[in-house]
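Trainee: Join these two chains into a complex; the hints should help.
Chains as they are written, first to last, in my numbering: chain B, 1 to 543; chain G, 1001 to 1354.
FYI, nobody ran anything at the bench for these hints, they're computed from the structure.
Quick reminder that beta carbons are idealized off the backbone N, C-alpha and C, glycines included.
What you were told as hints is all true, and nothing was included just to trick you.
Stretch-level coverage of chain G by chain B, calculated; a stretch enters the list once three of its residues show a Cβ under 8 Å from a Cβ in chain B:
1) 1134-1144
2) 1152-1165
3) 1331-1338
Sample of chain B residues lacking proximity to chain G, with all beta carbon distances greater than 12 Å (derived):
4) Asn4
5) Glu37
6) Val121
7) Gln130
8) Phe177
9) Met294
10) Gly355
11) Leu516
This is what each chain is made of:
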Amino acid sequence: MNFNHALRVGIRTGIAFAVVAIFIILTGMVESFADRELLLVGTLGTVILIILGILPGLMAGRTVFQQAQSEEKGTSTTSVLLAGSIAGFFVGLSEAILVFLLANANLRTVLVNATQDLYEVLTFGLPTTQAMLLWLVAGTLLGLMGAALQIAPGRARLIILALFSLWILASLLETEFLVFLAVIALLGLFTRWYTGRHLPSGTPFKQAQWRHKVFFGVVLVVWLLVMTVGPAILGDYWARVLLFVGIYTMLGLGLNIVVGFAGLLDLGYVAFFAIGAYTMALLTSAESSLGLEMSFWVALPICMVTAAITGILLGFPVLRMRGDYLAIVTLGFGEIIRILLLSDMAKSITGGPQGVLGTAPPELAGFVFNKPLHYYYLVVLGCLLVAFVSARLVYARIGRAWVAMREDEDVAEAMGVNLVRYKLLAFATGAAFAGISGGIFASFQKAIFPADFTLFVSINVLVLIIIGGIGSIPGVILGAAVLVGLPEVLREVDDYRILAYGALLVIMMIVRPEGLWPAPRRKMELHESDETGPDIAPVSSST
Amino acid sequence: MQNSASTTRRSRFTMPDITSLALWAFGLIILIWVIFRTVQTVRSGVYGIDTWAYQFVNGSVQGAMYALIALGYTLVYGILFMINFAHGEIFMIGAYAGYFAIKAFDDAGYLDSNPILTLAVCFFIGMLTPLISAVFLERIAYRPLRRAPRLVPLISAIGASFFLQQAARLLFGIRIKVYPSVPILEGSWQIGGVIIRHLGVFIIVVAIAMMLALQILVQRTKIGRAMRAVAEDKDTAALMGVDVDRVIMITFAIGGALAGAAGVMWGLWFKQVIHTMGFIPGLKAFTAAVLGGIGNVPGAMLGGFFLGLVEAILPTALDISTQLKDVIAFGMLVLVLIFRPTGIMGEVLSEKKA
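Extracted from the complex, chain G is given alone in its bound form (with noise of 0.2 Å):
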């Protein structure tokens, strides 16, 4: 990747080459349209006001979830430049958790006489449990593999992907779980013809306010300042004296507690859970994490939150149908990697991390 910057600096005085120019081009007529199809939607008037602004506050929500598990990308990623291909599969683990957690105690009538306990419980159980599970991943899959050439995480990664996903259909069925519904949530307010629901605020909520306790975590404290140098320089670190290994397992801790609140979420949600369910999210969180700039906390938020907005209104605005939603959010990688591979907010990668 670095070499697109030694080409920008090369094309002050020549001409670009024909590569970079073919793949303006076809950026630009993407581009125009969108901008194009866009116009003609809302000129048509197709679409209320209420559609756009239920399809704001689904975005919303999505997205939230989306940048809890971007984080985990974007926390491996800053400090390993690993992909965790696995990540999704922790998200996955987390709503099975949180499923088995929220059901034990509806079945004993908790969630209807305590929710809030309830409610505490079931997205402790669901945070711990990928927690422990991404533990024991890095352990047994990415630390022997430490300093081997980047191809081989990268494949123990997917194997690690496979072998979990199929792990939980094996032990816990096939058969689709459902989330029973949590009363205290089900509610809705309505602001001018746009219903909101209090899940959805909820949400949104809880992942803000999880977001903000990892920066604070990552800014102010000595583990975070750990964390922060051995991103930058691993070999430093630890001759400055901080555990490198010890660093990289709260890494992969925190991310999959965060990947594991984003499960809980999606199943309170969507109320389904399954074990392919990972997959998909997994790539979009990827995406997120790349369109923010990887590597960069804040950058992963702002990225999850884009990317469920665009993922619920272009479809609307294209005028499409929303099978085409997820060839949406691939889209959008290749073209942030085409054009910006830094990201929204990403600094110009050293050589080292590209």
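Just chain B, with the same shape it has in the complex (with noise of 0.2 Å):
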């Protein structure tokens, strides 16, 4: 009944809302998406403007839902959705007053996605007028059906945004993909499901471990089937896609050991893996300036070695350093190397911004690996191996260490942890992994330039293990298939997508630190804070 409140959220809403819309039309990604035919009706493009449309109307809704839950009042009807037209009617005004400048003024000088094109794609071929008045209309229209949606009982609401989901996901991919897809997604939640459920109370011990084992044998087998399988039946294009899901998963299983398990912030990962890279290129490769032209499998292990070695080195002046000084210095430490790649001074035998052609495939027994399927098998495995080594270290000795050090240094110091030995060890376990993944990269890719190891790629590999879950291993793939799939699926994304990581990392910082798929205790600790008094620096940093 509390019209006026309703009123205020549904002006604030839509005015921030209309911010979002604004700066992203002018992004050009409604433009550039218009392109995108979906299935049956519309394009990529109108469901951005639609979904622009009907958010800030859920989101005006909700917060008006939510106030009156708390106040113990119960919802009223009317309100709610008063408030969602309001947040939709600012929304529609905005883009109007947009389609307005761009008839009127030259936006161009300033803004480069202010075109003519946009402009035809916001009046939907209308005149200004009209398509001005469409926009009022169906703004206020869209935010009530935002609203409407947040009143529609949990069920329905889901109802529908699942056949809203399958339907984009369905234009956008093959078939064939979307039931693999859907077959990983099934499996994935099953575990999940399985793993968070509690045995009766009263389970023998024994028996409750002897469960668990069987249980995981048996998801672990259906797994592999569906991994091996699957890329086979899908093709060379998907078989590509999951080569480099795999590579990231290495590289965030091994950054999350040093982030994740040591909680040493590390921005300068991509070093280990450029580093890996160089090694297999000029261990292997015949136009090297080394020459040495060894075989692929030879040169893996040497690959570890040297990242890891790099690790140990890196790591070693690092030593004394907390939280936010050791993310700048690795940071640094990743720029130099990408730097020294690049220089003059090691040209001779880094070739410069040249890189290294001519990187040897792996070859075994007379068979040799050179379509992306092989390789993907070959990341797999390496997958497995990384997957399991660190599963195992996470509960031995050493994995307990570094958690207590994550937790707190000096606690753990007194405890009779070695933080010098422990935090090298989390550096070159850390490192040997994206060794790993870099050797098996070079070979893929037959030429490595020192573009390939810019900031971006350690940014993209933090990015996944935050969103998949910090110190979760099924969080790590789970971010990694998310995080490097998605893009390669959508190839219009790719212009968006540091945008999208950009505002991706902060809202999960906000509102769900602890990643999709958490370590159980990263959730507790993260939650904990919530409770604890007004200490406003923690003095125990989790960093």
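Mentor: Listed below in structure tokens is the structure:
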């Protein structure tokens, strides 16, 4: 009944989302997605516009709804709908103003995307005034729809959202891949449900442990089957996509050891990837200055070892640093390695900007790996190895020492954890994983350049372990699948990828800092601070 | 970092541990190498006095800009104990805002007829836009995380940094924007074979004026006192009636405005603006802030000038390629953090701040 409040919420949400909508339109997103046709009706560009209209209604409606719930006044449908439509109206209004400005002013001098094409996309071929009116009406209606979605019973909302995402996915993906994805998703959900389930109390520990083992054995076999047969059916394009997912999974699991387990925020992780890749290229390539032409299988362990040694060498100076300082310094190291690879100083060995060409493919008893699918199997093996090692390490003495160190260095040291040794060990293990990944990457790419090893790789890996769930192995795999796989599917996304990552990082940190599939301990830790007192700069930083 | 204090106390009686010994040896080797190369270069006489003076002037101009950006890092770190990773991007926004302002005036012909007014407006817009962006950045990306563990706001800051950089790329395009040259700043003085550009002197003077203004603001005004109180202890300051949120907002605003001014200067000096320009200067300015002792306002100014000079002179002195300029800056950061984490002017940080 509190219409004033609803009005205020509507206006506030509306203005905030109007800014977001205008920003997204002006980045050119709507324009570049306007060509992507969807199943049955519409284009992806239109869908973005519709989402931009529905979302403010949903959010405004939710705010009003929750307010009413917390005051136990019972929800008033009218005020929720009012807030939603007001919010939608403001978004519509902002879009109408944009249309007006596009028609009458020259925005192009500042904003590159304010083109005639954008004007045509936004007016749907109507005259300016009619298009503006249309936006006002459409905005209000979409806001109303969003608010209605908020009021709708939970089950109905879920069904609508599921149908909507299925529609989008079905129009963007091939059927085979959709089926493959569905199988994996179902398996994942099942595993998650099972691991989260409590056994009936009173089950003897031995029996519980045994049941767990059998269950994981079965799940692992099914996973392996799906992962081996799937890409073979799907073809080379998808094998290539999954190959990159695998390479990033390895990188993610490696960084997960350094950041997730040991709590050392390393922003120069790409350095080890680069070392691994360059070692592989220099040792196996016929065109390399070393002229060794080693076999892939001999070179791969060497990649691992060189990367691990670099990890120790770079870890050594930063032993005493914590948190923020460590992040900046490691970032500096990553850049230094790249600059050195590019510089004239090392040109005789690394080839400078031209990189190293002609990396030899792996050979096994006369069989030459030359298709993405072959490399894919190699990567899967690598991932399994890396995942197995990390899974064993967490519960081993080393892993417990790392976690103790992450929680509180001083206490860990007092309890007898040798900080120097375990920090260096964390850096070395993480680097070794990156080294394997880099070696396979170089072998697959055939040619590597310093430009492949920018800071963005480090950030990409960091984002995927954070989105997936820091410290959690299945989380890292999920993160890699979503963040590396998705942009491959949606080619147009590539321009907006880093923008989206940046926004995702901020939003995740605010909404769900533990990630999508969190490690149980991490989740506990991050929600502990919700209840503690007003200590503003926690001393016991987890960094 | 409080470890190092306890180790030094212990080391009077026992042998220092192997790690610090190795680190000191490492530092010593680098120092000897630097001195050796410098002496060699100076003795060989490859570069005349004019080259050294030229590098000195360039370094000072560069240093003035670093110092202005470094102030933003130091102010925020002093209060929130977090590295505002997106500060370099705020600097970039300033450069863009200044560019669009000066370009509009240039197209209208005001740059020739009324240059001082044009420059003033350019600086005003180039400082106001990043100021607003910095306030919004704090409000959206940092304020909700005030109570979270320290890794969380840092990651949020990295995200914000990438977001802002890409937003600039998508909104303004990937083409390099070229600042128009300002006729009244084009000339130069010649003192004994050394050429000093008016533009360089202008940048140094404006930067120093701004730093003095900031020093007065922090030391003499009511808001400055509130800032120092919040930096000392947030809870107590809040109990004493200081609006902590407001003070933090103002801190970000000041930092943003200074970075924006540095952005405009960067544009006038190097003439080019592009969306990736904020990253490296941001890192360098952070290095400068650490050099001066992070959290310390005069330290950041000194650190900025120092870094600018070292970066300009050292490649010449060591006779190495300027490609490795960035390596020198990062190398210095690492060395400072190892051997004197409190910086040139820093106090010994308490456990809470370290």
